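Chemist: First to last, the sequence lines map onto chains A and B.
Counting in the numbering used here, the final residue of the first sequence is number 150, and the numbers go up one at a time with none missing.
Counting in the numbering used here, the final residue of the second sequence is number 426, and the numbers go up one at a time with none missing.
I should point out that these hints are in silico values taken from the structure, not numbers from a laboratory.
What you were told as hints is all true, and nothing was included just to trick you.
Here are the simulated DSS-like cross-link-like pairs (lysine-lysine), alpha carbons at most 25 Å apart as the crow flies:
#1 A:K117 with A:K148
#2 B:K187 with B:K418
#3 A:K93 with A:K140
#4 A:K31 with A:K12
#5 B:K53 with B:K292
#6 B:K188 with A:K33
#7 A:K65 with B:K187
#8 B:K68 with B:K90
#9 B:K423 with B:K393
#10 B:K215 with B:K342
#11 B:K423 with B:K90
#12 B:K188 with A:K65
#13 A:K31 with B:K188
#14 A:K31 with B:K187
#15 B:K41 with B:K59
Predicted model, so just to flag it, every value in this text is computed and none were measured.
Letter by letter, the chains look like this.
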Amino acid sequence: MIDKMIKQISLFSENRPGRLANTAAKLKRAGINIRAFTIAEAGDFGIIRMVVDNPDEAHKVLHDSGFTVSETSVLGVEMEDVPGSLAKIADVLSKHNINIDYAYAFVTRTDKAFLILRVDDIESALNVLDEANIKLIDMNDIKNL
Amino acid sequence: MIEYWNPQIERLPSVELRELQEEKLQNIVQYVYSHSSFYRERFDRAGVKPEDIKSLDDVKKLPFTYKQDLRDTYPKGMFCVPNERLVRFHVSSGTTGKPTVVGYTQNDINEWTKSLARALTSIGLGRGDVLQVSYGYGLFTGGLGLHYGAEEIGSTVLPTSAGNTERQMELMGDLGTTAIACTPSYFLFLNEAAKKEGIDFQKDTNLKVGILGAEPWSEEMRKRIEESTGIKAYDVFGTSELSGPLFTECVYQEGIHIWADQFLVEVIDSDTGEPVPDGERGELVITTLSKEALPLIRYKVGDTTILNNEPCQCGRTHPRIMRILGRVDDMLVVRGINVFPGQVESVLMKIAEVGEHFMIIVDRVNEMDTMTIQIEMTDAAFSDRVNDMISLEKKVASALKTILNLSVNVELVEHGSLPRSIGKSKKVIDKRVL
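Based on the provided sequences and hints, a complete structural model is requested.
Modeler: Now the structure itself:
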């Protein structure tokens, strides 16, 4: 199931003008495509989280530019873009006492929606979601979206 | 095997050392009284004559001198020799006021050199060592001071002066630098730059000793530096008014040896002017016993420290002072509480997640002082979870609160965003209009 994990790029950023522009410019220059993206802000700083088509390269580019950056293992779940999809996933996880640290969703050109999840026990989460017939996506799917 | 530059004088029994000091004190007091109208007036006003100084204890009858005296008599009002005997000037930067000028006779330069020759030998340097002097050369005393001392003991000097980091690293490798003299902040900067180039000081260079000073740094910072770079880091002390860098710790790193045949050190209670008991913190007062051009009598250096008169494990009998926490000038008063930047540093350096760079920002908001500590994010401390980051801020704030007895804001900033310094670093921004 390990191969179903998705590598998220997490980046520390001060909360001031120009920081995001700077990050984005670095990725643009490296030809890296951002699939999903969110910022968690906490006062004077924020954590930028993103799923990109080439996380190893993105990590290298950002690290070499002096950013504090890490790769985090997260889950990618494919959802029907209809009411109730999120509820089903949350329900499965809560039944197995797995906590969601954070989550963010994105839609693509298809009729599918995707959910990125950071949980406290990723191994168990992978198994229980799979058993519940919830479709997990992997890095290949991310590249081909 | 402990090496001495001058074993006889460095290990002189304390009693004899005191006798020597007593004689030299009487001489210098007589000398300044007869060579300087400044001192003559000062002594007369205090009602003290050179003959009154019969023993070392009588030193307390003498009036203090202050940095302000040097400013007031700028440029040469306190000099005790005619111009033709001067062989050099150094001039302080004047960052905290008007600059001060120090003049040297040939003998003053020789004594200065001797002091550092003993100090450098005491940290194990000698022939075959290459000392990279990355202190500034010029009006600042750091570069030339170390330079002469190292040549005296037969080490090879690499006079890079400050700045041009790439060149510093290149030469360090090519010429086999074994010791470097610079500010602790510049050493950190150099280490950071080396890492970026894939250079590991321990594996890729011959560097084994750092002579770090010219700005206060903490014991915790020393541990950081020694652990992360594999060198032995020694504290060096001195101030331009007394000649420049003069003294270091020995290999035991248990205080800075002050050469008692050249300087008389007192640690006093600032309020009463009386000496504090050994082992208690007080204000550092130094009398030069050998200087000719600009002798200083009971000079208030502006530092607080602790005096230790016990002979050292290394066999040296001269008194030691504890590392300097900070100049009295550097002390901040925040909401009525005294804070030394060095205290903040020593708290931060104990927290593994905190990197070496920080900035203290003091401001006044709604008639209330605020203190913010900015710390740089490090790869090791970073987490993708906001909660972890907030916990780190809280952990640092609570550690500071415990030691300083002051609530502070902690702000995480990006790695590399705080200023790096090639000389004395700036660790405080005080925005208050007082």
